[in-house]
Amino acid sequence: MAARAIWKGSLVLGEHEVPVKMYSAVQDRAVHFHLLHDKDLSPVEQRIVRKDNGHEVPKEQQRKAFPLDDQRAVILEPDELARLAPESDRAIRLLRFVPRDALGNQWFDRPYYLGPDEKGDVDYFALADALGGKERIGIARWVMRDKRYVGALAVGDDGYLRMTTLRRSEQVLDVPAIHPDKARTPSAAEVKLAEQLVDSITGPFTPEEWHNDHRERLHQLIEAKAKGTKLTLVTAKPKEATSDLTESLRASLAQARSGAAAKGKKVA
Amino acid sequence: MPEHRRRPSSSTSDAASDAASGATLVRSFWSGTITFGLVSIPVDLFAAVVPRQKSMKLVDEEGHPLGRRYWCPKHEKVLDDDELVRGYETDSGKVIVVTDEEFASVAPEKSRDIELKRFVAVDDIPPFFFDRPYFLAPDERAGKAYALLAETMARTGKAGIGSFVMRDHEYLVAIVAEQGMLRAEVLRYADELRTPEQVGLPKAEKGDAARVRAFAKEIDALAEAKIDPAELADLEAETLRTAAEQKANSGKGVVSMAELEGDEDDAATSAQVIDLMQVLRESLGARAGKGTSSAAPEAPSPARKSAAKKTASPKAPPAKKTAKKTKRAAE
Numbered sequence: 001m002a003a004r005a006i007w008k009g010s011l012v013l014g015e016h017e018v019p020v021k022m023y024s025a026v027q028d029r030a031v032h033f034h035l036l037h038d039k040d041l042s043p044v045e046q047r048i049v050r051k052d053n054g055h056e057v058p059k060e061q062q063r064k065a066f067p068l069d070d071q072r073a074v075i076l077e078p079d080e081l082a083r084l085a086p087e088s089d090r091a092i093r094l095l096r097f098v099p100r101d102a103l104g105n106q107w108f109d110r111p112y113y114l115g116p117d118e119k120g121d122v123d124y125f126a127l128a129d130a131l132g133g134k135e136r137i138g139i140a141r142w143v144m145r146d147k148r149y150v151g152a153l154a155v156g157d158d159g160y161l162r163m164t165t166l167r168r169s170e171q172v173l174d175v176p177a178i179h180p181d182k183a184r185t186p187s188a189a190e191v192k193l194a195e196q197l198v199d200s201i202t203g204p205f206t207p208e209e210w211h212n213d214h215r216e217r218l219h220q221l222i223e224a225k226a227k228g229t230k231l232t233l234v235t236a237k238p239k240e241a242t243s244d245l246t247e248s249l250r251a252s253l254a255q256a257r258s259g260a261a262a263k264g265k266k267v268a
Numbered sequence: 001m002p003e004h005r006r007r008p009s010s011s012t013s014d015a016a017s018d019a020a021s022g023a024t025l026v027r028s029f030w031s032g033t034i035t036f037g038l039v040s041i042p043v044d045l046f047a048a049v050v051p052r053q054k055s056m057k058l059v060d061e062e063g064h065p066l067g068r069r070y071w072c073p074k075h076e077k078v079l080d081d082d083e084l085v086r087g088y089e090t091d092s093g094k095v096i097v098v099t100d101e102e103f104a105s106v107a108p109e110k111s112r113d114i115e116l117k118r119f120v121a122v123d124d125i126p127p128f129f130f131d132r133p134y135f136l137a138p139d140e141r142a143g144k145a146y147a148l149l150a151e152t153m154a155r156t157g158k159a160g161i162g163s164f165v166m167r168d169h170e171y172l173v174a175i176v177a178e179q180g181m182l183r184a185e186v187l188r189y190a191d192e193l194r195t196p197e198q199v200g201l202p203k204a205e206k207g208d209a210a211r212v213r214a215f216a217k218e219i220d221a222l223a224e225a226k227i228d229p230a231e232l233a234d235l236e237a238e239t240l241r242t243a244a245e246q247k248a249n250s251g252k253g254v255v256s257m258a259e260l261e262g263d264e265d266d267a268a269t270s271a272q273v274i275d276l277m278q279v280l281r282e283s284l285g286a287r288a289g290k291g292t293s294s295a296a297p298e299a300p301s302p303a304r305k306s307a308a309k310k311t312a313s314p315k316a317p318p319a320k321k322t323a324k325k326t327k328r329a330a331e
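In the order they appear, the protein sequences are chains A and B.
The numbering of the first sequence is the working numbering, which starts it at 1 and goes up by one.
The numbering of the second sequence is the working numbering, which starts it at 1 and goes up by one.
Don't read these hints as lab results, they were simulated from the structure.
Note that CB positions come from ideal geometry on N, CA and C, so glycine has one too.
Warning: the hint list may mix true and false statements.
Each pair of labels, with its calculated beta carbon distance range [unchecked claim]:
(1) A:A189 to B:E101: 46 to 54 Å
(2) A:H34 to B:T195: 26 to 34 Å
(3) A:P204 to B:D81: 43 to 51 Å
(4) A:E56 to B:T195: 41 to 49 Å
(5) B:D113 to A:R145: 38 to 46 Å
(6) A:A30 to B:G93: 13 to 21 Å
(7) B:R141 to A:D69: 34 to 42 Å
(8) A:E17 to B:K203: 22 to 30 Å
(9) A:A2 to B:A233: 32 to 40 Å
(10) A:E77 to B:E101: 44 to 52 Å
(11) B:K203 to A:A30: 28 to 36 Å
(12) B:A221 to A:D79: 38 to 46 Å
(13) A:A189 to B:E205: 49 to 57 Å
(14) A:R148 to B:E197: 27 to 35 Å
Mimicking DSS-like on lysine-lysine, the simulated pairs with C-alpha atoms at most 27 Å apart in a straight line are [said to hold, decoys possible]:
(15) A:K51 to B:K74
(16) B:K110 to A:K225
(17) B:K77 to A:K39
(18) A:K51 to B:K247
(19) B:K74 to A:K39
(20) B:K252 to A:K51
(21) A:K227 to B:K94
(22) B:K217 to A:K8
(23) B:K203 to A:K119
(24) A:K8 to B:K206
(25) A:K59 to B:K74
(26) A:K147 to B:K226
(27) A:K64 to B:K252
(28) B:K206 to A:K134
(29) A:K51 to B:K77
(30) A:K225 to B:K74
(31) A:K59 to B:K252
Model the full structure from these sequences, guided by the hints.
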């Protein structure tokens with residue numbers, strides 16, 4: 001049942017080293033399909049081919065070319081790439097600790113749990129407690145399986161350390177502040193009404209109440225087809241969902257609507 | 001996050017039909033309507049993050065561009081998209097084909113709308129949930145409603161939660177505002193995240209007080225007010241670029257990019273570049289300005305202040321380049 005650690009390393013801050021195990025916090029719930037040839041449903045493979053003539057190119061003849069500019073790219077041979085691989089020393093180096101809101105959510109990429117290594121659990125929980133008292137996140141760099149990572153170290157309410165890998169600065173698009181012109185700037189009264197409407201359907205973030213209906217219905221559809229149930233597309237269409245969540249959301253929204261109907265029209 | 005292998009060109013068809021509706025000049029890979037209460041805001045969705053710059057082109061030893069093709073070993077032939085179907089293998093080994101029509105019928109009502117059913121404090125959403133950000137730009141006629149939602153989210157520090165279907169997948173999103181723009185942050189579903197119990201972490205203990213103090217001291221020693229963008233730079237891309245430039249100077253291994261371009265794989269997955277600011281000018285009559293917003297009809301609220309603080313955090317250093325052009329990159 002327990003997940004397998006994907007990597008072992010040590011958090012390094014100042015003179016301290018805290019050995020940790022890293023675990024993926026994400027589990028795949030996807031519905032996976034095979035691509036098939038429509039003729040007789042035989043399985044399809046992917047092949048790497050030359051684009052100009054369609055000839056297959058085996059793995060050992062494939063190369064990677066780094067684009068220099070719009071005109072040129074340079075082929076880097078496997079041995080040249082191997083020489084560029086960063087040295088791995090299992091150190092997760094803490095570079096700085098910043099206030100939590102110093103990083104926008106768009107930076108967060110993949111989440112991992114850090115768990116104590118057998119010999120290091122005393123330091124692990126001490127570090128978690130220390131970080132928990134600071135309202136800060138740690139920015140860390142490490143090398144894992146020949147790749148460099150940047151991550152944000154945080155502690156959850158449950159007392160465990162987490163590392164979320166971060167996107168690189170070149171990946172996150174920056175936009176200047178936007179100011180709509182006069183005609184499209186909402187009035188103070190409109191903003192007030194909108195705030196009331198938003199307030200009326202505000203609640204806690206309760207992720208377990210949100211279900212991936214699409215995925216669940218897809219499973220149902222596959223099950224039905226597997227049983228040989230004749231499907232018409234109408235039956236595959238969603239019925240009004242009857243879970244308590246939907247009912248309660250509908251009800252609260254209806255309430256908000258009845259209160260805000262007249263106002264809503266004005267601002268729409 | 002793709003739940004199944006997608007056919008190479010299926011992603012372009014939606015965008016084309018969206019553009020054909022004529023409402024906006026810009027093609028995006030998803031167009032739909034955000035609703036909250038009775039307010040509806042037609043929007044286009046654009047990727048807010050771009051792939052890493054270290055991405056390299058696949059070529060053969062002589063530099064001929066390579067691509068992926070679907071191959072049927074049984075019939076020994078390359079297959080076109082329309083010769084492919086998706087099959088699900090059940091536990092008993094039976095293969096169930098799911099047609100495009102069946103896929104589309106799974107949740108038709110959600111493919112056009114994001115209904116914000118609940119609003120939550122942005123800070124209530126743990127970082128683990130954030131998966132992928134998208135920019136939202138309003139349809140030309142929706143500028144005011146869009147500005148209203150952005151203003152409301154900024155003032156209250158809230159996010160609107162809803163879900164929608166894009167290209168055969170359902171996404172949970174939090175609609176948040178930053179600097180007058182709305183972003184759709186795709187969230188993970190709760191069942192896609194493990195709990196510490198599921199991972200099998202040992203029971204949490206209280207840290208030894210002396211050690212906690214020692215670590216607190218180390219944290220304080222490394223405390224800074226802001227992020228250093230250099231620490232978030234892509235060292236891998238830099239290393240590759242340096243090596244590539246050195247090699248190019250020696251004249252070895254250089255191939256023409258013109259040859260590498262115009263390949264249909266790229267056309268299908270990354271599509272064309274749009275000018276996001278142009279879209280916003282048209283729909284909002286917007287001026288791009290610095291941190292302070294003149295859109296606020298009243299005094300800035302604390303939530304707005306924290307948004308402004310975020311603005312101060314450095315983002316992409318080549319800001320001009322990135323702000324002007326948003327690559328409509330597929331996932």
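Query raised in the report: Cβ-Cβ distance between A:R148 and B:E197: within 27 to 35 Å?
Result: Because 31 Å falls inside the window, the suggested range holds.
Query raised in the report: For the pair supplied as a hint, B:K203 and A:K119, is the alpha-carbon distance within the 27 Å limit?
Result: 15 Å, holds
Report task. Sort out whether A:K8 lies within 27 Å of B:K217, counting only the CA atoms. Result -> 25 Å, holds
Query raised in the report: Given a hinted range of 38 to 46 Å, is it respected by the beta-carbon distance of B:A221 and A:D79?
Result: 42 Å, holds
Report task. Please test the hint of 41 to 49 Å on the beta carbon pair from A:E56 and B:T195. Result -> Distance hint for A:E56, B:T195 holds at roughly 45 Å.
Query raised in the report: Does the Cβ-Cβ separation between A:A30 and B:G93 fall within 13 to 21 Å?
Result: 20 Å, holds
Query - Beta-carbon spacing of B:K203 to A:A30 - inside the hinted bounds 28 to 36 Å or not - result: Holds, since B:K203 and A:A30 (Cβ atoms, about 32 Å apart) stay within the stated range.
Report task. Please work out if B:K77 and A:K39 have their alpha carbons no farther apart than 27 Å. Result -> 12 Å, holds
Query raised in the report: If you draw a straight line from the CA of B:K252 to the CA of A:K51, is it 27 Å or shorter?
Result: 23 Å, holds
Requested in this report: Take a quick look at whether A:K8 and B:K206 sit within 27 Å of each other, Cα to Cα.
Outcome: 23 Å, holds
Query raised in the report: Are the Cα positions of A:K59 and B:K252 separated by 27 Å at most?
Result: Holds, because 22 Å separates the two Cα atoms, which is no more than 27 Å.
**Report entry** Restraint check for A:K64 with B:K252, where alpha carbons must lie at most 27 Å apart
**Finding:** Given pair A:K64, B:K252 holds - Cα atoms ~14 Å apart, limit 27 Å.
Violated hints for the displayed structure: none, as all numbered hints are satisfied.
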